[in-house]
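As a plain string of letters, each chain reads:
Protein chains: 2
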Amino acid sequence: MKQQIRILGIDDAPFTFNEKYSTVIGVVMRGGEYLESVLHSQVAIDGTEATAICTEMINQTRHRKQLKVAMLDGVCLGGFNVVDIKEVYEATALPMMTITRDKPDFEDIKHALKTHFRDWETRWKIIRQGTLHKIPTSYNPIYIKYVGLSLSEAKELINISTIRGVIPEPVRVAHLIASGITRGESYGKA
Amino acid sequence: MKQQIRILGIDDAPFTFNEKYSTVIGVVMRGGEYLESVLHSQVAIDGTEATAICTEMINQTRHRKQLKVAMLDGVCLGGFNVVDIKEVYEATALPMMTITRDKPDFEDIKHALKTHFRDWETRWKIIRQGTLHKIPTSYNPIYIKYVGLSLSEAKELINISTIRGVIPEPVRVAHLIASGITRGESYGKA
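For the record, the sequence lines run as chains A and B. So the first sequence is numbered by the working numbering: it starts at 1 and just counts up by one. So the second sequence is numbered by the working numbering: it starts at 1 and just counts up by one.
Hints in this document: simulated from the structure, not taken from any laboratory. Some hints could be false.
Each pair may be met inside one copy or between any two copies, as identical chains are not told apart.
[What the hints assert, rightly or not] With a cut-off of at most 27 Å between alpha-carbon atoms, the simulated DSS-like pairs for lysine-lysine come out as follows: (1) LYS68 with LYS189; (2) LYS189 with LYS65; (3) LYS65 with LYS103; (4) LYS2 with LYS114; (5) LYS68 with LYS134; (6) LYS103 with LYS114; (7) LYS20 with LYS134; (8) LYS86 with LYS68.
All chains should be built: construct the whole structure from the sequences, respecting the hints.
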């Protein structure tokens with residue numbers, strides 16, 4: 001796999017529950033080092049269109065042909081606006097990964113969904129689909145799901161695109177931009 | 001000079017003349033490779049507070065102590081909202097540089113200022129102050145002004161922070177973010 005492989009990283013901006021929308025930032029990077037493009041969209045907080053927004057972002061960027069994979073910071077954008085990576089993959093033919101620093105607490109998530117959403121079963125089904133893989137790193141492990149890739153390809157993509165710490169640069173940089181433009185200065189970790 | 005030196009790059013977003021404000025993005029990078037933070041502000045288009053906005057951005061970031069220089073994409077943010085880099089340097093003690101890809105056409109600028117601004121002489125004086133240096137690169141030359149540095153330090157900072165093409169990464173990345181969040185997808189060159 002080439003070191004200069006094009007990766008799209010996607011993350012949402014922090015929001016308060018007074019807000020209706022959350023900013024979504026996409027970044028196109030070559031491997032983990034060179035930022036090529038910044039994409040911008042938004043999703044309704046706790047809405048249901050995050051899958052469509054990701055599909056649109058991928059299919060509409062002029063970098064589409066160069067992209068080899070998209071990496072999402074977790075499986076939701078804008079609260080519990082769940083991204084169905086299988087559906088995005090089917091609509092775009094672009095392999096997809098979700099990456100999280102912490103192991104999701106599925107019982108907590110299920111409880112929150114049941115409490116707040118009439119359509120909780122639909123969201124829950126998307127969140128639970130696919131296999132969660134624990135990937136060891138030199139620091140703490142990260143947790144990933146993927147579609148359109150083999151496990152060894154997923155691991156290689158993480159290796160190529162991680163510079164410091166454990167989070168691949170496209171996800172880390174999308175997070176810095178999304179939090180920076182919302183809060184005035186970027187804070188926290190992807 | 002260390003390769004990992006912290007540089008703040010500042011650029012504004014493209015705007016239409018229906019808008020009153022332009023987004024200003026600051027990025028803190030280590031050398032030309034690693035994005036550490038994204039800062040966000042705004043200036044009035046054709047306003048007079050760009051110097052104050054830059055001063056505030058520098059003095060308020062939690063990365064202030066690590067910063068060694070700030071690089072601006074040209075001398076204006078938000079149309080003809082002129083940045084007095086000498087004044088920013090005096091208020092922050094941070095060395096400042098302006099960088100442009102094209103040699104400014106000072107006669108054109110003077111004409112535009114005279115046509116549109118009653119305070120054109122104030123703006124003109126700031127734009128003209130300092131010496132414009134033509135810096136050769138392996139591609140086209142770039143044009144810089146600086147304060148708080150020697151010419152050889154300015155050249156070294158450009159060398160350290162330029163990866164591809166002629167524009168240092170902190171300015172290039174600030175430009176990509178500013179144009180990406182405004183237009184939906186980043187376009188054009190810093």
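Status of each hint after checking the structure:
Proximity of LYS68 to LYS189 under the C-alpha cut-off of 27 Å is found in both arrangements, the shortest distances being 24 Å within a copy and 24 Å between copies. For the homomeric pair LYS189 and LYS65, the shortest alpha-carbon distance between copies (21 Å) is at most 27 Å, but the shortest distance inside one copy (30 Å) is not. Taking identical chains as interchangeable, the C-alpha atoms of LYS65 and LYS103 are never at most 27 Å apart, the minima being 33 Å within one chain and 35 Å between chains. When the C-alpha separation of LYS2 and LYS114 is checked against a cutoff of 27 Å, the pair qualifies neither within a copy, at 44 Å, nor between copies, at 54 Å.
With identical chains, the CA atoms of LYS68 and LYS134 are at most 27 Å apart within one copy only, with a shortest distance of 22 Å there and 40 Å across copies. When the C-alpha separation of LYS103 and LYS114 is checked against a cutoff of 27 Å, the pair qualifies only within one copy, where the shortest distance is 20 Å, while the shortest distance between copies is 62 Å. When the C-alpha separation of LYS20 and LYS134 is checked against a cutoff of 27 Å, the pair qualifies neither within a copy, at 33 Å, nor between copies, at 49 Å. For the identical chains of this complex, LYS86 and LYS68 are intra-copy neighbours only, at 16 Å inside a copy versus 46 Å across copies, given an alpha-carbon limit of 27 Å.
Checked against the numbered hints given earlier, this structure breaks hints 3, 4 and 7; the rest are met.
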